[in-house]
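Number of protein chains: 2
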Amino acid sequence: MTSATTLFFPVEKDLLQLTENLKNLVGIRHPILYAAAEHLFSAGGKRIRPAIVLLVSRATLPPNQDITPHHRRLAEITEMIHTASLVHDDVVDEANTRRGVPTVHSSFGNRIAVLAGDFLFAKSSWYLANLNNLEVVKLLSQVIMDLAEGEIRQGLKRFDTALSIDDYLEKSYYKTASLIANSAKAAALLSGLSASRSENLYLYGRHIGLAFQIVDDILDFTGSSETLGKPAASDLQDGNLTAPILYALEQQPALELLIEREFAQPGDLEQAIALVRSSDGIDRSRHLAAHHRQLAIQSLADLPPSESHTTLIELTDYVLSRLY
Amino acid sequence: MTSATTLFFPVEKDLLQLTENLKNLVGIRHPILYAAAEHLFSAGGKRIRPAIVLLVSRATLPPNQDITPHHRRLAEITEMIHTASLVHDDVVDEANTRRGVPTVHSSFGNRIAVLAGDFLFAKSSWYLANLNNLEVVKLLSQVIMDLAEGEIRQGLKRFDTALSIDDYLEKSYYKTASLIANSAKAAALLSGLSASRSENLYLYGRHIGLAFQIVDDILDFTGSSETLGKPAASDLQDGNLTAPILYALEQQPALELLIEREFAQPGDLEQAIALVRSSDGIDRSRHLAAHHRQLAIQSLADLPPSESHTTLIELTDYVLSRLY
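Top line first, the protein sequences correspond to chains W and U. Under the working numbering, residues 126 to 449 are what the first sequence spells out, in order. Under the working numbering, residues 126 to 449 are what the second sequence spells out, in order.
If we strip away everything but chain W, and leave its shape as in the complex, we get (with noise of 0.2 Å):
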């Protein structure tokens, strides 16, 4: 299995600067907000969006050219959102650790993690307006209400059997797949492609985020709560209904009665856990994650060759390959 590390080599650098700007944006000015922040971008994230958003932009731009100091900002302003979006998810939803790793809420209290939260999306919103592009303004936007959105709908949803799957897609997509998407799209329009083939790129962000959060859905059955960095099944026990569990539905009644009466009972979480297991719901997310990995290669064909966009499609592969 590759790493994200050695898969991430065309953009490598460019990684590690953005490493350290981001631990320099606050500044030394605010020093318990430096410290939140110094906690939150060396927390071991992948920083897959970021790099993401790197290849792209390498990959729309001739050979000869180097990507503009407005692809560096764009790559920071994407995972400062995702930061930001993170920090107030786990005073929303009082999680104490996050992939392992005590949360900002839990190690600095809701005060810190709310100013730093807001300090994040603030900064991020400024850097975004001074990238001097409406459209690209408009994109991220977009990403910043459809994470709120799509943090609202999970609340509302919780323990609610009715859900489709077509729901949980939509919601995967406002919780992760809009900034990947749209921060894809948006490099493309700063390397100067036009709309239409900026679409694609688009596209291959929406289709790789779905079939990133469908995996990540899966492990949560599927590996253990030491490489998870939280109990196993946390989302079952939350209420908060995945693909996984959603295809179980349809074939273990049993499974509806242990969801709506919120595992009220002794031995209702384990029970509801081996129903999942012992369904062919986790296959058939693998097959949907597949479905998607498959469409967000499609998008990128018209791309013509390079080492990032050979990266852009191996990346597929390591989000799959996590299953396994």
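Hints may contain errors.
For identical chains, the list gives no copy identity; a pair is met inside one copy or between any two copies.
What the hints assert, rightly or not - Distance condition first, Cα-Cα at most 20 Å in a straight line; then the derived SDA-like pairs of lysine to any residue: (1) LYS300 - ARG236; (2) LYS263 - TRP251; (3) LYS263 - LEU150; (4) LYS148 - LEU211; (5) LYS138 - HIS412; (6) LYS282 - PHE233; (7) LYS263 - TYR252; (8) LYS282 - ASN235; (9) LYS263 - HIS195; (10) LYS282 - ARG236; (11) LYS263 - ARG198; (12) LYS282 - TYR159; (13) LYS263 - SER403; (14) LYS282 - GLU381; (15) LYS138 - THR193; (16) LYS263 - GLU201; (17) LYS282 - LEU394; (18) LYS138 - ARG402.
No lab work stands behind these hints: they were computed from the structure.
Given the structure of chain W, go ahead and fit chain U onto it with the hints provided.
Same frame as chain W, now just chain U:
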């Protein structure tokens, strides 16, 4: 004393429409946020910020020309940004009431308060991008960053008796005046005024915003708990060192010790309040507010006469009249 409602006569209809739009904003799809929005936008706010945007819009257009949907949208964005920042400030400050009304955070919990604030910030940056004016996007993005910066500074400088009046004015600019100044300038730009003439509206907003904040900080000492909707001298208690306190510190050295030990001993707070009230801090703060009122009026000198122009001047009287 003129009430804000009578004063806003030239934009009375505009403000009614704005209030309806804001209540409908969150939409029926999000029942919990809807309750929060209903609560927020009905909570007896005086709508001073959107009123200034609407008055500047009318005062900067030829007499026969009605304001555009973009002006109206800008007024809505202004109130949304203000409300979003209040909701998050109440989480950060753990405030239970604002203007005597329970806060979103105390009525609906941290979860909804963070979500509602994020949703309003997100929706306002999306509305903003769709005004299709890059300069306006930059001005309002700067405001969102200033609000975050102001809240952080206020937190860092609590109980810091080394704070100067200039630091206080800078913090007040970030927390209060930046929104009024930049949205007034944006309204002028949307009316087609030149950059240099629009800058006068920025100055009007900056100075009336500072006067407004100074008056608020005086009222914390001179108002009763009932009219304030919060305990009297709550700024002092929280270590938020405002103009009356900073002036009092120059005159009453005993105050410094009480503040630096954060009112740790019984009777400390009462003694500190008495020291501020018996100093000339309140009187000097009144002069400071009057000075900024004068600068606000001067900034309007090049506007042609109109009902809205007159109201913008009267509004500076209203701000100071709250003291008597």
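Going through the hints against the structure:
1. LYS300 - ARG236: between (24 Å within a copy, 17 Å between copies)
2. LYS263 - TRP251: This pair counts as both: shortest intra-copy Cα distance 13 Å, inter-copy 7 Å.
3. LYS263 - LEU150: Classified as between: cross-chain Cα gap 19 Å, same-chain 23 Å, threshold 20 Å.
4. LYS148 - LEU211: Cα proximity of LYS148 and LEU211: one copy only (16 Å, versus 28 Å across).
5. LYS138 - HIS412: Neither. Shortest intra-copy (35 Å) and inter-copy (57 Å) distances fail the 20 Å Cα cut-off.
6. LYS282 - PHE233: Answer is between: at 18 Å across copies they meet the 20 Å cutoff, but 29 Å inside does not.
7. LYS263 - TYR252: both (13 Å within a copy, 9 Å between copies)
8. LYS282 - ASN235: So LYS282 and ASN235 pass the 20 Å test across copies only (19 Å; inside, 24 Å).
9. LYS263 - HIS195: This pair counts as both: shortest intra-copy Cα distance 16 Å, inter-copy 16 Å.
10. LYS282 - ARG236: between (27 Å within a copy, 15 Å between copies)
11. LYS263 - ARG198: Both: 16 Å inside a chain and 16 Å across chains, each within 20 Å.
12. LYS282 - TYR159: Between. Shortest inter-copy distance 16 Å satisfies the 20 Å Cα cut-off; intra-copy 35 Å does not.
13. LYS263 - SER403: neither (45 Å within a copy, 54 Å between copies)
14. LYS282 - GLU381: within (14 Å within a copy, 53 Å between copies)
15. LYS138 - THR193: within (14 Å within a copy, 48 Å between copies)
16. LYS263 - GLU201: both (17 Å within a copy, 18 Å between copies)
17. LYS282 - LEU394: within (18 Å within a copy, 48 Å between copies)
18. LYS138 - ARG402: neither (41 Å within a copy, 60 Å between copies)
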